[in-house]
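Student: If you're matching positions, the first sequence starts at 1209 in the numbering used here and goes up one per residue.
Honestly, I wouldn't trust all of these hints.
Taking CB as the label site, the calculated pair distances span [as the list claims (entries may be wrong)]:
| no. | residue 1 | residue 2 | range |
| --- | --- | --- | --- |
| 1 | D1695 | Q1779 | 21 to 27 angstroms |
| 2 | T1575 | P1717 | 39 to 45 angstroms |
| 3 | R1493 | D1312 | 27 to 33 angstroms |
| 4 | E1654 | P1591 | 27 to 33 angstroms |
| 5 | E1654 | L1495 | 46 to 52 angstroms |
Below 25 angstroms or equal to it, Euclidean Cα-Cα: the simulated BS3-like pairs (lysine-lysine) are [as the list claims (entries may be wrong)]:
| no. | residue 1 | residue 2 |
| --- | --- | --- |
| 6 | K1620 | K1646 |
| 7 | K1620 | K1778 |
| 8 | K1620 | K1777 |
| 9 | K1646 | K1571 |
| 10 | K1571 | K1723 |
| 11 | K1620 | K1774 |
Don't read these hints as lab results, they were simulated from the structure. Even for Gly, the Cβ is constructed at its ideal location relative to N, Cα and C.
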Amino acid sequence: MTADDRPIDASKRETDDGPGNFLRDVVAADIAAGKNDGKLVTRFPPEPNGYLHVGHAKAICINFELAQEFGGVCNLRFDDTNPTREYEQYIEAIQQDIRWLGFDWGDNLYFASDYFDQLYAWAVDLIKRGLAYVESLTPEQVREYRGDFHKPGRESPYRDRSVEENLALLEKMRAGEMAEGEATVRAKIDMQSGNMNMRDPIMYRVLKVAHHRAGDKWCIYPTYDYAHGQSDAIEGITHSLCSLEFEGHRPLYDWFIEHLDTPSTPRQIEFARLNIGYTVLSKRRLLQLVKEGHVAGWDDPRMPTLRGMRRRGIPPEAIRKFADRVGVARRPGVVDISLFEHAIREQLNATTPRVFGVLDPLKLVITNFPEGHVEELEAPLSPEDPSMGSRTLRLTRELFIERDDFREEAPKKWFRFAPGREVRLRYGCLVTCNEVIKDEAGEVVELRCTWDPDSKGGSSPDGRKVRGTSHWVSAADAVDCEVRLYDRLFSVENPTGDDDVDYLTHLNPSSLEVKRGCKVEPYAAALPVGSRVQFERVGYFAVDNDTADGNLVWNRTISLRDSWAKVEKKQGPPKKG
RNA sequence: UCGGGGAUCGUCUAACGGUAGGACGCAGGAUUCUGGUUCCUGCUAUUGGGGUUCGAAUCCCUAUCCCCGAACCA
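Please model the complete structure; the sequences and the hints are all you need to start from.
Tutor: Rendered as structure tokens:
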């Protein structure tokens, strides 16, 4: 059998080591079959009533990357069919966030509201053909007539109004002569359908509210169901990709496309939306967290919003990488947060300069180091990438080290500071701790050490093994700063899993820990807001935008993996008397 | 009168009648001036029960479990 004999499978990639994406297969098959003239057009259709979060990021990546991969385009369309929600403030923010994520829609910026005229004309058309009617039942009655999962709906007494009457009533609605709730336009489909969406869905409702773009031109507005598919069709969207919850709407989506003379026939395909453990991803809940002050705002670094993540220091590349690795399938699930954390560390590890920062300073005095003497030492900003350059470290008699790097009684396998131990000050020198100074309360306030002048730069002059290496800052030029440590927002993996328990009760009370009096080296202190670095041996940090003159603030994006913590845990808690 | 989806390692995700693979995670080990990175090794899965077949995660039947749906929201 030769390669030519085998059935063509465009979806099969030669090196298939990436995660699954059945959408790619579908698109490839459609293109191979010559559908839509072999073109691909997707779209990301946010409703501008909230900020974007990681869940949206997945959808954004799917739509833009698929278009990219197949040489198509991806539109950005604001689904602004409901003027009772606040819009304006989000339009610009959403665009900023998508650009930050790394995607560009070029000139393809659209608004569903741009199609209101066409949508209205199509509604008239449907009425003329007896496929839609003006409903005069009250909202309560409409609900009652609709039935439920176990009870078929009943047809409205207004269902069989004449075309003329319907047209006249529609005109009255449009002209503002109807009150809100007084009338709607419904598609005449099937009140018996097992699919509730097909029980004469509402196409238009009266909303006497001005629209952020259309002004007060309209006082009736199309619903999502009536507007979305047709908007897709107008834009020539070939594949309308959405989340699983819209599955039941697909027959309706298709019904409108089939019964209307649309310029194209887009296909809706659903995929599983993203869920991540220990957080919530719903606009409603995110809004609640902000409004009730459980977080500081939409851009609180604990929030899963793009703005929050940006402020926290998470690079957009990490989010894209994460979305790609999660894959696309139809099976709903909850992605382990560690997958995201891995993508973040991977990106940060490859791109971030290494600097010294001490979160919990402990004074260290090198007793045999000449008073006032300074050793200037060149230290690389990256151990792996020389092109990142270097900065100068100033070794002096008095330094700060991390308090956690010292133990008065060293546990097993402890390589760091302890009485009598020799430790390397990274890129500095080797020092041996000979004396521990305590205050009246018995707390360690100072370590007195001696250095080996031959170890300048941190190398071991005679090749002797020094396993412990610690970061440090010179007391003379260290810059004071505030560091904000973040932990997961919720203390349980699925905060909304129990209907009887308010998810807010699962808020992690220690999701934010503020540390003051931290010390960073001058090079780091001079970095502009938004800069991302690694504090060696501690974690990745970004300069927060609360930073002002004389008040330097860092956000911990994520800690380094800490295999010592695992060893220590395995050894059991330190023995107390 | 219920309709629509889904079930593969702990977690995501492949395999499209022909060796159940990858990533994360976890456990060991090597290298290391970050207990970081990198590298190596190992770990664990086809929801249950029947069938069809030389051969089934895949096809059929059946049971079970999970998700979505009853806004004039999207």
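Student: Failing hints, ascending?
Tutor: none
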